[in-house]
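Peer 1: One letter stands for each residue in the lines below.
There are 2 protein chains.
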Amino acid sequence: MSASLQVSIRRFAPADWTQLWPLLRATFEAGDTYAYAPDSREADIRTTWTEAPAATFVACGPGEQVIGTYFIKANQPGLGSHVCNCGYVVAPVAQGRGIAAALCEHSQREAVEMGFRAMQFNLVVSTNERAVRLWQRLGFKIVGTLPRAFHHRQLGYVDALVFYKELVT
Amino acid sequence: MSASLQVSIRRFAPADWTQLWPLLRATFEAGDTYAYAPDSREADIRTTWTEAPAATFVACGPGEQVIGTYFIKANQPGLGSHVCNCGYVVAPVAQGRGIAAALCEHSQREAVEMGFRAMQFNLVVSTNERAVRLWQRLGFKIVGTLPRAFHHRQLGYVDALVFYKELVT
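As you go down the protein sequences, you meet chains A and B in turn. Once you know that position 44 of the first sequence is 44 in this note's numbering, the rest is easy, because the numbers rise by one and skip nothing. Once you know that position 60 of the second sequence is 60 in this note's numbering, the rest is easy, because the numbers rise by one and skip nothing.
The set of hints was computed from the structure by calculation and includes no laboratory data. Bear in mind the structure is a predicted one, so any value in this text is a computation, not a measurement. Any given hint could turn out to be false.
As the list makes no split between identical chains, a pair holds if one copy fits it or if it spans any two.
Pairs of lysine to aspartate or glutamate residues, derived as EDC-like cross-links and limited to a Cα-Cα distance of at most 20 Å, are as follows [as the list claims (entries may be wrong)]:
#, residue 1, residue 2
1, K141, D159
2, K73, D44
3, K73, E51
4, K165, E105
With these hints in hand, go ahead and build the complete structure from the sequences.
Peer 2: Below, the structure is given as structure tokens:
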């Protein structure tokens with residue numbers, strides 16, 4: 001692991017999009033971590049990541065460079081809306097420096113402030129070992145395994161995992 | 001179990017909505033099986049049940065009475081879109097007569113025809129014993145348990161189950 005990087009995490013602003021889109025596009029194009037189609041259109045991803053969620057955040061490094069992001073939203077309507085769902089992306093150049101952990105810890109605090117009682121990740125790709133280890137280290141439990149639920153761009157059909165953490169007990 | 005009822009299952013048509021809405025409203029108002037807010041608005045549920053999904057079906061009893069329904073849709077975008085999700089509702093007066101099983105078996109055939117490879121139920125309320133037994137009898141496996149993920153209107157926070165069945169192997 002490289003030295004940690006000084007980052008600030010703040011709410012997404014529309015002016016961030018020009019930096020955020022290349023980051024998201026590259027991540028989804030790889031087809032190894034998120035289900036969004038590798039050839040997703042910019043307008044659709046902008047809606048999905050920055051408009052549909054309850055809130056979107058960015059992690060900025062030196063010079064206001066956007067090096068990470070997450071969204072937070074209710075995972076289900078009404079009687080399931082006390083459980084939130086988040087998605088995180090970190091720029092390849094900034095990986096291994098604790099940014100994902102910082103984003104996830106930030107999101108857990110935000111979640112509690114927003115009134116959520118638990119956090120659920122619906123489709124963590126089982127071959128994404130870095131994420132699987134990190135979520136466990138941050139107190140999430142694997143509560144489900146979905147057989148061949150993810151069509152990995154290189155590996156074909158692989159299992160996906162459901163992670164869950166209660167934030168309020 | 002009462003005698004089985006002769007039903008036909010066909011695609012939802014807009015003219016069915018006047019019969020379908022009271023059925024869905026009563027189901028969601030009970031707050032014991034679906035996450036949709038008990039006070040959901042008609043327009044929102046119409047979109048959710050009949051427009052957003054890939055397809056919606058109704059089960060009709062004698063005299064074209066709508067006594068059941070289901071929707072089918074992809075559970076995730078892109079690289080997760082080979083797994084479908086369905087929701088089923090049966091009128092209280094028609095329960096215990098095999099309608100839910102008939103709808104689920106119908107949906108599995110439709111799913112395969114539509115190109116889906118597996119079916120996932122994301123939030124089956126653990127206290128809904130009738131559903132839990134039925135899905136298991138129809139070959140679904142409990143692949144996950146979500147602690148206190150459903151806010152049951154009578155019982156408070158209860159666990160929800162994730163069911164999964166591979167349709168194509």
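Peer 1: Evaluate each hint against the coordinates.
Peer 2: Status of each hint after checking the structure:
| no. | hint | result |
| --- | --- | --- |
| 1 | K141 <-> D159 | both (16 Å within a copy, 15 Å between copies) |
| 2 | K73 <-> D44 | both (17 Å within a copy, 18 Å between copies) |
| 3 | K73 <-> E51 | within (10 Å within a copy, 22 Å between copies) |
| 4 | K165 <-> E105 | within (12 Å within a copy, 34 Å between copies) |
Comparing the model with each earlier hint shows no violations; every hint is respected.
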